[in-house]
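> Working from the sequences, and respecting the hints, build out all of it.
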Amino acid sequence: MTPELQELATLDRLIHEPARLMIMTVLYAVPEADFIYLQRECGLTQGNLSSHLAKLEEASYVMITKTFKGKYPLTICSLLKRGRDAFEEYVRKMRVINGSQKWEG
Amino acid sequence: MNTQVTDSVLQAERRARSYWDIDGLPIIAQAVAVLLAGLWFLYMNYSGAWSRRTSELASIVCVMAVILDTLRKPGVISWLKARITYPRTGYVARSEQKVWPEGRGINFAALGFVCLLIGFWAVALSVETPWICVAAGIVTGLALWWNPVREKFAYLDILGIACVGMLAAVLLNATHSVFHLQRFAFTLTALGTLGLVKGIVMLLRYVRRNPVQA
Chain A
166 MTPELQELAT LDRLIHEPAR LMIMTVLYAV PEADFIYLQR ECGLTQGNLS
216 SHLAKLEEAS YVMITKTFKG KYPLTICSLL KRGRDAFEEY VRKMRVINGS
266 QKWEG
Chain B
2 MNTQVTDSVL QAERRARSYW DIDGLPIIAQ AVAVLLAGLW FLYMNYSGAW
52 SRRTSELASI VCVMAVILDT LRKPGVISWL KARITYPRTG YVARSEQKVW
102 PEGRGINFAA LGFVCLLIGF WAVALSVETP WICVAAGIVT GLALWWNPVR
152 EKFAYLDILG IACVGMLAAV LLNATHSVFH LQRFAFTLTA LGTLGLVKGI
202 VMLLRYVRRN PVQA
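Same order as they appear, the protein sequences are chains A and B. Quick note: the first sequence, position 46, residue 211 per the working numbering, numbers continuous. Quick note: the second sequence, position 187, residue 188 per the working numbering, numbers continuous.
No wet-lab data here; the hints were simulated from the structure. Wrong hints could be hidden among the right ones.
Pairs of lysine-lysine, DSS-like flavour, derived with a Cα cap of 30 Å [to be verified]:
1. B:Lys199 with A:Lys236
2. A:Lys231 with A:Lys220
3. A:Lys234 with B:Lys199
4. A:Lys246 with A:Lys220
5. A:Lys258 with A:Lys220
6. A:Lys258 with A:Lys246
In C-alpha cells:
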C-alpha cells in the first residue's frame with residue numbers, strides 16, 4: 166500500500182461526508198453563524214442540518230449555543246479548536262492525495 | 002490547504018463579509034448621515050448663520066467627524082438587523098481576518114482623507130455655478146449605485162470617491178477667493194438622497210425576496 170493510499174484510509178469520516186464538509190467549510194470561514202444562515206448556505210433541510218450538527222457537536226467539533234439578538238432567538242454554531250484542527254488535518258490529507266494524483270498523472 | 006477547499010473557504014468568507022450589505026441597511030444609515038450633513042449645511046447657508054470662516058470650517062470638521070463616527074459604529078444597524086435581517090436570512094459574524102490586504106485598505110483610507118481635505122479647500126475657494134455640485138453628487142451616487150460595495154472599499158474610500166467627483170467639478174471654476182459652502186451642501190444632499198433611494202430599494206427587494214422563516 167502506498168503512503169497516499171494510507172492517507173486516504175485515515176481520512177476523518179465525520180468530515181468527509183459532503184453535507185458535514187459544507188458545514189465545516191462555512192464554519193471554518195466565519196467566527197460564528199446561526200442555524201438559518203447555515204441552512205441557506207448549505208442548502209440543507211432543517212432536519213438534515215440538525216442531525217449533521219448534532220453529530221459534529223457530539224464529536225466536539227462544533228459548539229451550539231442558544232441565545233437572543235433583541236427578541237429574536239438565535240441558534241449560534243461555531244467551530245471549536247478540535248474541529249478547526251480536524252478540518253485542517255482533513256484538508257492536509259486531501260492535499261497529499263491530490264498531490265500524488267498529479268504526480269502520477 | 003487543498004486548492005478546491007481553500008477556494009471554498011475563501012468564498013464562504015467573502016459571502017459572509019458581503020452579507021452585511023445584503024439588506025441595504027448599512028447603505029441607508031450612511032446615506033442618512035450624508036443627507037443630514039448636506040441639509041445642515043444648506044440650512045446654515047440660507048439662514049445666514051455663517052459669519053466667520055473659522056466657524057464654518059469648524060462646523061464642517063465637526064459634521065464630518067460625526068458622519069465618520071456614525072459609519073464606524075454598527076450599533077443602530079445591528080439593532081435593525083436583529084429585527085429585519087436575522088429572522089429572514091440568518092446571522093453570521095464577520096471575520097476579523099481580512100481577505101483584502103490590510104496595507105492596501107490603509108492606502109485607500111489615506112487617499113480618501115487627503116481627497117476630503119483637498120475637497121474642502123476647493124469648495125472654500127470656489128464660487129461659480131453651485132449647481133454643478135449637484136451633478137457631481139448625482140454622478141458619484143450613480144457610480145456607487147452601479148458598483149456595489151465590496152469588502153475592498155472602506156467607508157472612507159467612498160467618501161474619497163465622492164470628493165474626487167466633487168473636486169473635479171469644483172476645480173473647473175475655482176478662480177475666485179470667496180468662501181462658498183453651497184456647492185458642498187448640494188453635493189452632500191444629492192449624494193445622500195441617491196444613497197437613501199438605493200438603500201430603500203435594496204431593503205424592499207430583500208424583504209420581498211426573503212420572507213420570515215417559519
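> Each hint: holds or not?
Hint check results:
1. B:Lys199 with A:Lys236: holds, 28 Å
2. A:Lys231 with A:Lys220: OK: lysine 231 of chain A and lysine 220 of chain A at ~17 Å, within 30 Å.
3. A:Lys234 with B:Lys199: holds, 27 Å
4. A:Lys246 with A:Lys220: holds, 16 Å
5. A:Lys258 with A:Lys220: holds, 22 Å
6. A:Lys258 with A:Lys246: Given pair lysine 258 of chain A, lysine 246 of chain A holds - Cα atoms ~18 Å apart, limit 30 Å.
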